Structure formats: C-alpha cells, structure tokens
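Novice: Residues per chain, in single letters:
Protein chains: 2
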Amino acid sequence: MGNLFSPLPSQLPEEVSRVLVNSASLRIERIVSHGHTSPAGFWYDQEENEWVVVLKGRARLQFQGAEKLLEMGPGDFVNIPAHQRHRVQWTTDQEPTIWLAVFYHHD
Amino acid sequence: MGNLFSPLPSQLPEEVSRVLVNSASLRIERIVSHGHTSPAGFWYDQEENEWVVVLKGRARLQFQGAEKLLEMGPGDFVNIPAHQRHRVQWTTDQEPTIWLAVFYHHD
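Residue numbers (this note's numbering), protein chains in the order written: chain A, 1 to 107; chain B, 1 to 107.
Any given hint might turn out to be false.
Quick look at which bits of chain A chain B covers, simulated, 3 or more residues with Cβ under 8 Å [unchecked claim]:
hint, stretch
1, 1-11
2, 14-27
3, 38-50
4, 98-104
Some, not all, of what chain B presents toward chain A, calculated at C-beta under 8 Å [stated by the list, open to error]:
hint, residue
5, L20
6, L26
7, W51
8, G75
9, A82
10, Q84
These are calculated hints, taken from the structure and not from any lab test.
On a predicted model such as this, the values are computed, not experimentally measured, just so you know.
Every residue gets a Cβ at the ideal spot worked out from N, C-alpha and C, and that includes glycine.
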C-alpha cells in the first residue's frame, strides 16, 4: 500500500514522477509539479494513450491546434489519445500539483 | 473532460460505479460508496488485477486469509492481484467514499 499525497518530494527542481504500477498493459504514475511547465515550443507526442487527473493543485494543458487552454483543478480528468500533441502550459506555484496518470496502449 | 468529485449521485441506495475508460487493455471506474459494505460472506474474486485508490472518505478492505483489515483514507492505494479474494468490510457513513479503480489484465 502507498499514499498519493505523502510523502511528497521535499525538493522539486523539476517535475517528479513515481511509477506505481508497470505492467505489459499499462503504467500508472504519480507526477508532482510545483510551478513547472513544459519548455517553450516543447510538445509531448506519446506512443501511449494517457488518462490523467489532477488530484491537488491547478494546471493548464495546451493541445496543438486548439485555441483554448484546458484549465484543470482537483478531480478534473482528461483522456489524451496517443500522438495528440500537448504540453503543460502552467502549474500553480502556490502548492504542489499532484497528477495521477495512466498510460495504456490499446483503444 | 470530467470531474471525479462532482457531480456525485444524489441517491445512493447501493454503491454506484461509473466507467471512465473502457479499452482492450484496461478499464477505469469511479466508484462511490456511502456506508455500503460487501454482503456478509461475499468475496470479490476477479479475473482482472485491480489498482484502487481512495480519494475521499474512509474504508476498510478485508483480504481472505489476512487477519488484519486494510484501513484506507484519502490517497491510500493498493494493488489487488487477480483472484485475490477481498471484500469491502466497511465504508464511512459520514460522507461519500470516492474510489478510483483501474482494472487490467497482464502483470
């Protein structure tokens, strides 16, 4: 057993990811951000689908080709199909933002 | 996009499950309990592995053959291998207990 909310990394020079499950069919990660964003011009372009939820904190996701940013707060989830290019445009610096991400292959 | 914390079912005569992702490799469900427990003598015996986290509320899981109950509160997660018989021994009646469960096949 473990807990998603504690302990948190004490130092966050960059986004920190912890793999909770790693199987042939999926990977579950807890990701902690604190004011981190994707570098300007960087886009995630992933082989896997990603279902991701913000559990604490606040974030904004940007999707390539979409004008509007996706504002996310506690409980908000989104499914990102493989190769849908996206980036983290903003996370709050007021508190850690805790994400739970499930990466999986098949539709 | 959706939110895990709202809306919640307004009536909870029994535990309510909502499928968020259903793919060949996994199924993600939000489950809401409010004082519900597994019937006496009932054990879940699942074909799939289940990674499950309590996001709000409190619960106790019982595993067949284990003397100690697993106390779970916000953020607590556990991985339940396929066919590990278990039951929900208790959920609090003070508030809804919100679970996120990821069911998957392969180790």
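Novice: Next, verify each hint and record whether it holds.
Specialist: A quick look at each hint next to the structure:
1. Beta-carbon proximity to chain B at under 8 Å applies to 6 residues in the stretch 1-11 of chain A; the threshold of 3 is reached and the given coverage holds.
2. Against chain B, the stretch 14-27 of chain A contributes 6 residues with a C-beta closer than 8 Å to a partner C-beta. That satisfies the three-residue criterion, and the hint holds.
3. Counting residues of the stretch 38-50 of chain A whose CB lies closer than 8 Å to any CB of chain B gives 1, which falls below the minimum of 3, so the coverage claim is violated.
4. Only residues whose beta carbon comes within less than 8 Å of a beta carbon in chain B count, and the stretch 98-104 of chain A has 3; three or more means the coverage holds.
5. Of the supplied interface hints, the one on L20(B) holds, with its beta-carbon coming within about 7 Å of a beta-carbon of chain A, less than 8 Å.
6. Proximity of L26(B) to chain A holds as hinted, the smallest CB-CB distance being about 5 Å (cut-off 8 Å).
7. Interface restraint check: W51(B) against chain A, minimum CB-CB distance 5 Å, threshold 8 Å, status holds.
8. Here the hint on G75(B) is kept, as its CB sits about 4 Å from the closest CB of chain A, short of 8 Å.
9. Interface restraint check: A82(B) against chain A, minimum CB-CB distance 11 Å, threshold 8 Å, status violated.
10. About 13 Å separates the beta-carbon of Q84(B) from the nearest beta-carbon of chain A, more than 8 Å, and the hint is not met.
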